[in-house]
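Visitor: Residue strings, one per chain:
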Amino acid sequence: MEIIIYGIVNSFKLILIAFGFTLVYGTSRLPNFAHGAIFVFTGFVAWIMMHKLNLPFLPAAVLALASAALVGVVIYQFILKRIRGMSMNEIIATYAIGVALIETFRWLGFKGTTFTLPVLREGVVFIADVPVDYQRLLVVAIGIVMLAAVWAFTKFTRTGLALRGIAQDERAAMMLGIDADMTGTLAMALGSALSGLAALMLFPLGSIVVEAGYNTLVFALAVCIVGGIGSWGGTIMAAFVLGFLQVITVTYLATHFQMVVTLAAIIATLIIRPSGFFGKHKELEERV
Amino acid sequence: MKTGKRRERIDRGIKVRSDGLYALSSWREIAYLLAPRTLLIGGFLLAPLLLLLFPYWQKVLLIVCIYALLAMAFDFLANYVGLVCLGGSFFVGVGGYGAALLNKYCGLAPFLSIPLAALLGAAFCTLLLLPCLPLRGVYFAIITLMYPLMATRIIEAFELFGGTNGMMDVAGFANPWIEQYFLVTATLLLLFGLRRLAVEDLGLVIKGIKDNDQSVRASGINITFIKAQAIFYAAFLGCFAGAYLAHVYMWAGLSMFALDFSIIPIAATVVGGGGSLMGAVLGAVLLVPLSEALRAFGPLRIVVYSLILTVVIVIKGEGLLNYLARKYSQFERWVEI
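Chains as they are written, first to last, in this note's numbering: chain A, 2 to 289; chain B, 18 to 354.
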C-alpha cells in the first residue's frame, strides 16, 4: 500500500519535473538543457524574496515564477534564436548556460542544506493507514491541475493551437502566419515557468541544494526519453513507470540505487527503442 | 541605383602555389607550409624547458596536454565521425582506473601500464558503446552523457575499487623530465597520427559515414564496424589521458568521471574551432591556463568557462583556428556589385 501511494506521489513529482522539458521540445524542438538550472534558480529566487525582502510565500512564489519565465525568454532571445536548427549547438549552449547559472549560485555561497522553502500547510493525513503530508497531496493536486491546464491551453486557445501547429509542421504553420520565434519564446517561457512551479512544489519537501539542478535534468531527460521525446502521453506513462520503479528500488534496495535505476532506464530505452516506448513513428529517421 | 559593396575572399598566391606537392620551388613556399606546424611542434617541445623557472606552470602544461588529447577525441568523433560524445570523462575514468589496477595488482611500471590501460580501456569503452552506435545526434549525445554518471553511481553503490575514496598509492614517475616529455611527445604523435588516419582510406569512409551513412551502407560497407573503430581511436586518446593522469596524481578515483573532463574539451574544441584537430589543441592551449588562473575563484571558474563557451557558440561559431587559417591563406577586398 505504501508503495502504491508513494509511487503515485513520486510519479507526479516526475511529471512536474519533466513536463516543462517535454513541452518545450514537443512544441519547438528545442532541447532546453538549462531546465534543471531554472529549477534551482526558481527555488533560490523564492528563498531570496522571502528572507531578504521579507515577502510572504505566495507573492514570492509568483515573482519567482515570473523571473523563471523571464530567464526562459532571455535564453531564447539571446542564445537559441541565433543558433536555432543546429541541434548540437543548442544542446551545448543551453547546457553551458545551465551550468553557469547553477555554479553562480554555488559561488554566491548557496550550499549546504540551510535553505528551505515553507510548506503551504503543515499536517499529515492517513490514507489507508499510510501517513501522507499535505505537501505531497498538493504535489499530486497541482500535477493534475497543471496537466489539465496545459491540455486545455493547447486544445482551445489560439496561442496554444499555434504552438501545436508549429510542432506538427513548421513550414505550413509559418505560411499561415504563425511566428516561429514568437512560439519559441512562448514555449521557453512556459517551460521555464513549469520548471519553476515544480521547484516551488518540491523544494519544501527537502532543502534547496545546487546539486538538485543536475539531478532534475537527469530525471527530466529520463522521463522524456523513456516516454519518447516530445510525446505528452508518453511522458505521463513514463513518469508513472519510473516513479514506481524508483520507489520500489528505494524500498527494497537502497537510496543510492535510485539514480542507477534511472540512468539504466535511459540507456536501456535508447538502445532498445530510441524513439521511446510510447513515441510514434520516428524510428526510421533516428536510427540508422 | 546605389551601388553596394561586397567583401570578396581570394586565396593568396603563395597558398595556391604551395598547394601542389611537386611545385615547391622556393624557401618561402616551404616556410609558408612549415611555419604553423613548426610553431606547434616547437612550442610543445620547448615548453617544458621554457617553463623550467615556473614549476607550477610545468604541471599546467601536463594538464594542457591531457585536455588537448580529450579535445582531439571529441573533435574527431564530432566533426569526422558525426557522433557528438558528451561523455569524455567516461574514457578518462576507465583509463585511470585501468592504469591504477594494472599498476597495483599486476605490478606494471607506468611505461607499460599507461599504453596497456589505454588499449584495454579503449576496447572496454568500445564494447560498452557498441549497442549505442546505431544512434545519432541528440540521442547519442544524451546516452554518452549518462555513461560517466552511471559509472560513478555504480562504483559508489557497490563500493568497487575503494568506493568513494578511490585507489591510493599508484606509482608515480621517477623523473619529472620523463614525465613531461613522455606526455608532450605522445600528444604530438597522436595528433599527427590521427590527422594522418583521417586522410587514409579509413578516414575517407568515416567522412562518408558522417555525410551520408545510408549510401556508405549501400556500398556494402559495414558502418557499425567502421564506427566502432572510430570510437576505439577516440577512446584510446581519452583512456591514455586518464591513465597518464592516474600516474601523475598517483591516485584514481571518482573525480575522474567528473564533468570537467567532458565539458572543458568541448569548450576547447568550440573555441579553437572544430574539424581540424589542430583547433582542439589550440583551444586547450588557450583555455586551460585561463582556467588555472581562475582557480582561486572556485566555482566561478566553471561559470566563466560556460559563458565563454556560450558566447563563442553564439557569436563566432567557426572557432579561432578556422578564422586564423582563413587569414593566413586568403586575403579580403571590397568589390563593387
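Simulated from the structure, these hints should not be mistaken for lab results.
Just so we're clear, the structure is a prediction, and the values are computed from it rather than from any experiment.
Keep in mind that the hints are not guaranteed to be accurate.
[What the hints assert, rightly or not] Quick list of the computed label-pair ranges, beta carbon to beta carbon:
{"id": "1", "chain 1": "A", "residue 1": "Lys53", "chain 2": "B", "residue 2": "Val352", "range": "57 to 65 angstroms"}
{"id": "2", "chain 1": "A", "residue 1": "Ala255", "chain 2": "B", "residue 2": "Arg54", "range": "23 to 31 angstroms"}
{"id": "3", "chain 1": "A", "residue 1": "Val131", "chain 2": "B", "residue 2": "Asp186", "range": "45 to 53 angstroms"}
{"id": "4", "chain 1": "A", "residue 1": "Met2", "chain 2": "B", "residue 2": "Met267", "range": "50 to 58 angstroms"}
{"id": "5", "chain 1": "A", "residue 1": "Phe154", "chain 2": "B", "residue 2": "Ile171", "range": "40 to 48 angstroms"}
{"id": "6", "chain 1": "B", "residue 1": "Lys22", "chain 2": "A", "residue 2": "Ala181", "range": "30 to 38 angstroms"}
[Said to hold, decoys possible] Cross-link-like lysine to any residue pairs, in silico, SDA-like; alpha carbons within 20 angstroms at most:
{"id": "7", "chain 1": "B", "residue 1": "Lys227", "chain 2": "A", "residue 2": "Asn90"}
{"id": "8", "chain 1": "B", "residue 1": "Lys333", "chain 2": "A", "residue 2": "Arg83"}
{"id": "9", "chain 1": "A", "residue 1": "Lys112", "chain 2": "B", "residue 2": "Leu317"}
{"id": "10", "chain 1": "A", "residue 1": "Lys156", "chain 2": "A", "residue 2": "Glu171"}
{"id": "11", "chain 1": "B", "residue 1": "Lys333", "chain 2": "A", "residue 2": "Gly86"}
{"id": "12", "chain 1": "A", "residue 1": "Lys112", "chain 2": "B", "residue 2": "Leu66"}
{"id": "13", "chain 1": "A", "residue 1": "Lys156", "chain 2": "A", "residue 2": "Asp170"}
{"id": "14", "chain 1": "B", "residue 1": "Lys333", "chain 2": "B", "residue 2": "Lys344"}
{"id": "15", "chain 1": "B", "residue 1": "Lys333", "chain 2": "A", "residue 2": "Glu171"}
{"id": "16", "chain 1": "B", "residue 1": "Lys333", "chain 2": "A", "residue 2": "Ile84"}
{"id": "17", "chain 1": "B", "residue 1": "Lys227", "chain 2": "B", "residue 2": "Gly154"}
{"id": "18", "chain 1": "A", "residue 1": "Lys112", "chain 2": "B", "residue 2": "Ile325"}
{"id": "19", "chain 1": "B", "residue 1": "Lys333", "chain 2": "A", "residue 2": "Met89"}
{"id": "20", "chain 1": "A", "residue 1": "Lys82", "chain 2": "A", "residue 2": "Lys156"}
{"id": "21", "chain 1": "A", "residue 1": "Lys82", "chain 2": "B", "residue 2": "Ile325"}
[Said to hold, decoys possible] Short derived list, chain A residues pointing at chain B, Cβ under 10 angstroms:
{"id": "22", "residue": "Ser88"}
{"id": "23", "residue": "Val100"}
{"id": "24", "residue": "Glu104"}
{"id": "25", "residue": "Phe106"}
{"id": "26", "residue": "Val242"}
{"id": "27", "residue": "Leu246"}
{"id": "28", "residue": "Ile249"}
{"id": "29", "residue": "Val251"}
{"id": "30", "residue": "Leu254"}
{"id": "31", "residue": "His257"}
A virtual CB, placed ideally from N, CA and C, is assigned to each residue, including glycine.
Visitor: It remains to establish, for every hint, whether it holds in the given structure.
Guide: Status of the hints after comparison with the structure:
no.: 1; hint: Lys53(A) with Val352(B): 57 to 65 angstroms; result: holds (59 angstroms)
no.: 2; hint: Ala255(A) with Arg54(B): 23 to 31 angstroms; result: violated (55 angstroms)
no.: 3; hint: Val131(A) with Asp186(B): 45 to 53 angstroms; result: holds (50 angstroms)
no.: 4; hint: Met2(A) with Met267(B): 50 to 58 angstroms; result: holds (53 angstroms)
no.: 5; hint: Phe154(A) with Ile171(B): 40 to 48 angstroms; result: holds (41 angstroms)
no.: 6; hint: Lys22(B) with Ala181(A): 30 to 38 angstroms; result: holds (32 angstroms)
no.: 7; hint: Lys227(B) with Asn90(A); result: holds (17 angstroms)
no.: 8; hint: Lys333(B) with Arg83(A); result: holds (11 angstroms)
no.: 9; hint: Lys112(A) with Leu317(B); result: holds (14 angstroms)
no.: 10; hint: Lys156(A) with Glu171(A); result: holds (18 angstroms)
no.: 11; hint: Lys333(B) with Gly86(A); result: holds (16 angstroms)
no.: 12; hint: Lys112(A) with Leu66(B); result: violated (42 angstroms)
no.: 13; hint: Lys156(A) with Asp170(A); result: holds (17 angstroms)
no.: 14; hint: Lys333(B) with Lys344(B); result: holds (15 angstroms)
no.: 15; hint: Lys333(B) with Glu171(A); result: violated (27 angstroms)
no.: 16; hint: Lys333(B) with Ile84(A); result: holds (11 angstroms)
no.: 17; hint: Lys227(B) with Gly154(B); result: holds (11 angstroms)
no.: 18; hint: Lys112(A) with Ile325(B); result: violated (24 angstroms)
no.: 19; hint: Lys333(B) with Met89(A); result: holds (15 angstroms)
no.: 20; hint: Lys82(A) with Lys156(A); result: violated (26 angstroms)
no.: 21; hint: Lys82(A) with Ile325(B); result: holds (18 angstroms)
no.: 22; hint: Ser88; result: holds (6 angstroms)
no.: 23; hint: Val100; result: holds (5 angstroms)
no.: 24; hint: Glu104; result: holds (4 angstroms)
no.: 25; hint: Phe106; result: holds (9 angstroms)
no.: 26; hint: Val242; result: violated (17 angstroms)
no.: 27; hint: Leu246; result: violated (15 angstroms)
no.: 28; hint: Ile249; result: violated (16 angstroms)
no.: 29; hint: Val251; result: violated (13 angstroms)
no.: 30; hint: Leu254; result: holds (9 angstroms)
no.: 31; hint: His257; result: holds (5 angstroms)
The structure fails to meet hints 2, 12, 15, 18, 20, 26, 27, 28 and 29 from the earlier list, while all remaining hints are met.
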